[in-house]
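Trainee: Okay, here's what each chain looks like letter by letter:
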Amino acid sequence: MNVQSNSYTFIYSSVIVIVVATLLALAATALKPAQDRNIEIEKKQNILASVRISSTRENVQSLYDKYISDSYTINNKGEIIEDVDPFTVNLREELKKAPGKRNLPVFECTRNDSLFVVIPVYGKGLWGPVWGYISLMRDRRQEGDTALYIPYREIYGAIFDHKGETPGLGAEISQPFFQLPFRDKVIFDTEGRFTPVKVVKGGADKASLHEVDAISGGTITSKGVEAMLDTCLVSYQNYLKTAKE
Amino acid sequence: MTSKNWKLLTNPLNDENPITVQVLGICSALAVTVQLKPALVMALSVTVVIALSNLIIASVRNTIPPRIRIIVQLVVIATLVILVDQVLKAFVYDVSKKLSVFVGLIITNCIIMGRLEAFAMVNKPWESFLDGIGNGFGYGMILVIVAFFRELLGSGSLLGYQVIPESLYAFGYKDNGMMILPPMALITVGIIIWVQRSRNRKLIEK
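Protein chains in written order, with my numbering: chain A, 32 to 276; chain B, 14 to 219.
Think of the hints as simulated: they come from the structure by calculation, not from any bench. The reader is advised that the hints may include incorrect statements.
Dumping the calculated DSS-like pairs for lysine-lysine here, alpha-carbon to alpha-carbon at most 27 Å [as the list claims (entries may be wrong)]:
#1 B:Lys17 with B:Lys215
#2 A:Lys63 with B:Lys187
#3 A:Lys75 with B:Lys187
#4 A:Lys127 with A:Lys74
#5 A:Lys155 with A:Lys232
#6 A:Lys74 with B:Lys50
#7 B:Lys50 with B:Lys187
#8 A:Lys63 with B:Lys50
#9 A:Lys155 with B:Lys102
#10 B:Lys110 with A:Lys75
#11 A:Lys229 with A:Lys74
#12 A:Lys194 with B:Lys50
#13 A:Lys132 with A:Lys232
#14 B:Lys102 with A:Lys75
#15 A:Lys74 with B:Lys102
#16 A:Lys194 with B:Lys110
#17 B:Lys111 with A:Lys75
#18 B:Lys111 with A:Lys155
#19 A:Lys194 with B:Lys111
#20 A:Lys127 with A:Lys237
#21 A:Lys194 with B:Lys102
#22 B:Lys110 with A:Lys155
#23 A:Lys254 with B:Lys17
#24 A:Lys132 with A:Lys155
#25 A:Lys63 with B:Lys102
#26 A:Lys74 with B:Lys111
#27 B:Lys110 with A:Lys74
#28 A:Lys254 with B:Lys110
#29 B:Lys111 with A:Lys63
The task is simple: from the sequences and hints, build the whole structure.
Mentor: As structure tokens, this is what we get:
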């Protein structure tokens, strides 16, 4: 056979493409359940980590069942939407919709008599998506307190992750030194206006309740995190202001 | 095993080492050697991909139309890499996250393309398979040596287990943060090349 001829070359490449495509499709289908399970475990670990509970792959399910007391989906007015599983909501798709039409997942966590809500966030970094989970602690009103009451105003924990940010620069958003300063920051001002946490280049004001330090060399990723917190949390503001216990 | 075949396996470990002598595949050697575990997985993944792609290409080498041979080689490599990636995602998810983009980049690892074009296209399947294993090990060996020193000196641990005793830290010993950064991988590779050249007469240029 003449391996130089045009027809041979065409047939050869067609055959190889079909063989390879079949092989890859089979492998992808066969391995999907195991991969999905890993993603589910990771998501549960992240949700727990945002309320400062560390878990391993083995004990994550039992810890999740123990601490995550409720989960539901709301709209941007804070009303619960029935029949939408919050765990499987695809944030990326939701963010493309108009604000009024979004399904917004909420995970409630009860631990030592304190109540928390965990809110997933999703946004853009420099090279690809960044995402995370923010937990807010319920403020219990003291007697005789006259300041404006907002049930969920204080961040309890924050976890961020990314797909392909630059290692050593933008990728550092997944490190504790970046995430820890988000703790105890406040997302509403004293008059009840939504004020998302700013990620400040060149050093945050230490006294401010609304600023954290950006990462040197990772400015675009840091700004991406800031924009993500703004666009995602703003839809929750009605819920956070009015949520019942 | 004949001595010629044995040479195919052992030559890439020393005289023809892909990293220290041919200086191929350096980028991944810098990127995945902060800890021992990802380095081991990467070494194993590259060895699997290179050995199997060598075997496949050598088996069909006479049927490949010469005009599209590079494309055919790439298709074979890409397929194997995607398979490896999928398997890692399914069974060692945390390692797969750490290796992230570098698994995909095995496709562009010059060692693999180089062995296919230079060896598998003109040799029999069994020899090519051995050549692939040898080169994979030659690459992996350097990766593991570099990762060993970087994790030991940079984090005080090996495979994630603390090996430097707490009492040493109490005396004021500190992990060297430099070792975690990419430049130290390059310097470590440089030191390995230096040691190898000083011991192996054949490598000394006249």
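Trainee: So if I understand the rule, the pair passes when the alpha-carbon distance is 27 Å or less; does Lys74 (chain A) with Lys102 (chain B) pass?
Mentor: holds, 15 Å
Trainee: Quick one, are Lys102 (chain B) and Lys75 (chain A) close enough, alpha carbons at most 27 Å?
Mentor: holds, 17 Å
Trainee: Decide if the proposed pair is consistent with the structure: Lys132 (chain A) and Lys155 (chain A), CA atoms, cutoff 27 Å inclusive.
Mentor: With Cα atoms ~21 Å apart, Lys132 (chain A) and Lys155 (chain A) stay inside 27 Å; holds.
Trainee: Is the hinted pair Lys111 (chain B) and Lys75 (chain A) satisfied, with a Cα-Cα distance of at most 27 Å?
Mentor: Within the cut-off at roughly 19 Å; holds.
Trainee: Within a Cα-Cα threshold of 27 Å, do Lys50 (chain B) and Lys187 (chain B) meet the stated pairing?
Mentor: Holds, at about 22 Å.
Trainee: Are the Cα atoms of Lys74 (chain A) and Lys111 (chain B) separated by 27 Å or less?
Mentor: The given pair, whose Cα atoms are some 16 Å apart, holds under the 27 Å limit.
Trainee: Keeping to a limit of 27 Å between CA atoms, is the pair of Lys110 (chain B) and Lys74 (chain A) held or broken?
Mentor: Holds - the C-alpha atoms of Lys74 (chain A) and Lys110 (chain B) are around 14 Å apart, at most 27 Å.
Trainee: Between Lys111 (chain B) and Lys155 (chain A), does the CA-CA distance stay at or below 27 Å?
Mentor: holds, 20 Å
Trainee: Could you grab the alpha-carbon distance between Lys194 (chain A) and Lys50 (chain B) and see if it respects the 27 Å cut-off?
Mentor: The hint holds at about 20 Å.
Trainee: Would the hint linking Lys127 (chain A) and Lys74 (chain A) be met if the CA-CA limit is 27 Å?
Mentor: holds, 22 Å
Trainee: Within a Cα-Cα threshold of 27 Å, do Lys155 (chain A) and Lys232 (chain A) meet the stated pairing?
Mentor: Satisfied, since the Cα-Cα distance of roughly 18 Å is no more than 27 Å.
Trainee: Lys110 (chain B) and Lys155 (chain A): Cα distance at most 27 Å?
Mentor: Status holds; Cα separation ~19 Å.
Comparing the model with each numbered hint stated earlier shows that hints 2, 3, 13, 20, 23 do not hold.
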